[in-house]
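Novice: Each chain is listed here by its residues.
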Amino acid sequence: MTCDEIRPLIGPYLDGELEPSVARSAELHIAGCEACARYLAEMRALSGAIHDEMPALAAPEALRARILDAVRASAAGAPAAGGTEQPVAQRVRTLPFGRPRARPQWLAAATLYVVVGAAAWMLGVAHGRLPAGSAESDMRDAVVASHVRSLQASHLIDVASSDRHTVKPWFDGKLDFSPPVPDLGPQGFPLVGGRLDYLDGRPVAALVYGRAKHLVNLFIWPATADTPRDAAPSTVRGYHVRHWVRDGMTFWVVSDVAEPDLATFVSLFQESGQPGESVR
Amino acid sequence: MPLSTMTPFEQAVVPHMDAAYTLARYLLRDEDDARDAVQDAYLRALAYFGGFRGGDGRAWLLAIVRNTCLTRHQRSRAAPILAPFDEELHTPEGEDGGAALAAADVVPAESVREAVGQLPWEFREAVVLREVHGYSYKEIAEVAGVPVGTVMSRLARARQRLRDTLAPAIRRRTSA
Chain D
1 MTCDEIRPLI GPYLDGELEP SVARSAELHI AGCEACARYL AEMRALSGAI HDEMPALAAP
61 EALRARILDA VRASAAGAPA AGGTEQPVAQ RVRTLPFGRP RARPQWLAAA TLYVVVGAAA
121 WMLGVAHGRL PAGSAESDMR DAVVASHVRS LQASHLIDVA SSDRHTVKPW FDGKLDFSPP
181 VPDLGPQGFP LVGGRLDYLD GRPVAALVYG RAKHLVNLFI WPATADTPRD AAPSTVRGYH
241 VRHWVRDGMT FWVVSDVAEP DLATFVSLFQ ESGQPGESVR
Chain Y
1001 MPLSTMTPFE QAVVPHMDAA YTLARYLLRD EDDARDAVQD AYLRALAYFG GFRGGDGRAW
1061 LLAIVRNTCL TRHQRSRAAP ILAPFDEELH TPEGEDGGAA LAAADVVPAE SVREAVGQLP
1121 WEFREAVVLR EVHGYSYKEI AEVAGVPVGT VMSRLARARQ RLRDTLAPAI RRRTSA
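Sequence order for the protein chains is D and Y.
Residues 1 to 280, numbered by this note's numbering, are exactly what the first sequence covers, in order.
Residues 1001 to 1176, numbered by this note's numbering, are exactly what the second sequence covers, in order.
Derived by calculation from the structure, the hints in this document are not laboratory data.
Among the clues, some could well be false.
On the chain D side, residues computed to face chain Y include the following (Cβ under 8 Å) [as the list claims (entries may be wrong)]:
{"#": "1", "residue": "Asp15"}
{"#": "2", "residue": "Gly48"}
{"#": "3", "residue": "Met54"}
{"#": "4", "residue": "Arg66"}
{"#": "5", "residue": "Ala75"}
The calculated label-pair distances, taken between Cβ atoms and stated as ranges, are [claimed, not checked]:
{"#": "6", "chain 1": "Y", "residue 1": "Gln1011", "chain 2": "D", "residue 2": "Asp172", "range": "33 to 43 Å"}
{"#": "7", "chain 1": "Y", "residue 1": "Arg1113", "chain 2": "D", "residue 2": "Ser21", "range": "36 to 46 Å"}
{"#": "8", "chain 1": "D", "residue 1": "Asp4", "chain 2": "Y", "residue 2": "Arg1075", "range": "39 to 49 Å"}
{"#": "9", "chain 1": "Y", "residue 1": "Glu1010", "chain 2": "D", "residue 2": "Ala37", "range": "18 to 28 Å"}
{"#": "10", "chain 1": "Y", "residue 1": "Asp1056", "chain 2": "D", "residue 2": "Ser25", "range": "26 to 36 Å"}
Covered stretches of chain Y, as calculated for chain D (at least 3 residues, CB under 8 Å) [stated by the list, open to error]:
{"#": "11", "segment": "1019-1030"}
{"#": "12", "segment": "1130-1140"}
{"#": "13", "segment": "1155-1169"}
Note that the Cβ used here is the ideal one computed from N, Cα and C, for glycine as well.
Build the full structure now, drawing on both the sequences and the hints.
Specialist: Right under this line is the structure:
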């Protein structure tokens, strides 16, 4: 092996990342090559210097205490205390991860409970909403929270492109499925870009389309047996939400565009005929 | 607290707070920023814990910490929101890699920490995870969300640059 071949291997050699046979070849070369031996020594010294000057640190006590409070609060089903991260804290509260909650003495109150529950259900249906606490309304809240967060300046787009041939491949390798990414620009919904988001406890594709000065967030991930079926259009905190399942994919779309515009968007998207597919 | 009364989150994720803080502290230059990032990351971890499929809770947490720090880093640099995050475009050194690194503006750094802090984000996270956390290439790839080959080339280029900026300090060490 030549010096040019050995040099790129010296880092991985030091890191113990070379195949034993390759490591042996590298050692043989280094033993007979002063320049490569010096390079190895420099790399080793660099590694040592980083170790010395950048030790592992301990989390400050105040930080530890704040986090432990939040962890315990979430385990107890209460909102996390302290307000700097309110949107996330709110979301923590809305997500259905195991929160043991004190049950009322429901045997005693069973009749009342059922009546009130049924009334709430009917009211909810009448208003195009499901009772709070269902998997679907939890997911709806989570989707709207994601939409709002994406608009809060920090993280709307990972890949910015109006070209579906740029956006679609960008998701390759980042997700275990390939979302449909139709071009709806000619119909008045230009593609703005895409990003990775987290919903339903998994990474999902978020596509962002524009409509005049408004943005549409479309979340896509593979449906499972638990996925709620198609839902009636609804409105949460002023955002219109629609949900459907098709070709094994679950779709949630959120926007502040007018409701008829969102309906148009959904029809156009569904008629684009692009299926999503699992890649694993 | 006895193990039996701890929630799965407390068992799998909470113990790695020091590793999380260490990563945030070395990725972000500001201490307050690092604290906020770790707290934010834990809140996210709580929210996403339903998606944790068991296994290495530390790598799972550090991936969230890393993403949280990256978001803050981009925000603090006032990066345009619509900046594409593309592997090719996102490598600030341009396409010719090593040559540009070796030749262009090599400023001797006062300290190792400063030199690492000056590295482009992708290089910095690879170096910190490798040298400080002792992560394997595979684990780094998991946290950074890139292929192992990319980790390898980023580390090689990062070290090349550190070797150049820290040349005097390293020479002292090797001759000592």
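Novice: Hint by hint, note whether the structure agrees.
Specialist: How the hints compare with the structure:
1. Asp15: 7 Å, holds
2. Gly48: At 7 Å from the nearest chain Y Cβ, glycine 48 of chain D passes the 8 Å test, so the hint holds.
3. Met54: 5 Å, holds
4. Arg66: With Cβ-Cβ at 6 Å, under 8 Å, it holds.
5. Ala75: 5 Å, holds
6. Y:Gln1011 / D:Asp172: 33 to 43 Å: 34 Å, holds
7. Y:Arg1113 / D:Ser21: 36 to 46 Å: The hinted range 36 to 46 Å holds for arginine 1113 of chain Y and serine 21 of chain D, with Cβ atoms some 37 Å apart.
8. D:Asp4 / Y:Arg1075: 39 to 49 Å: The hinted range 39 to 49 Å holds for aspartate 4 of chain D and arginine 1075 of chain Y, with Cβ atoms some 41 Å apart.
9. Y:Glu1010 / D:Ala37: 18 to 28 Å: With Cβ atoms ~49 Å apart, the hint is violated.
10. Y:Asp1056 / D:Ser25: 26 to 36 Å: Holds - the Cβ-Cβ distance for aspartate 1056 of chain Y and serine 25 of chain D, about 32 Å, lies within 26 to 36 Å.
11. 1019-1030: Since 6 is at least three, the answer is holds.
12. 1130-1140: holds (count 6)
13. 1155-1169: It holds, with 7 qualifying residues against the three required.
Against the hints set out earlier in the document, a violation occurs for number 9 only.
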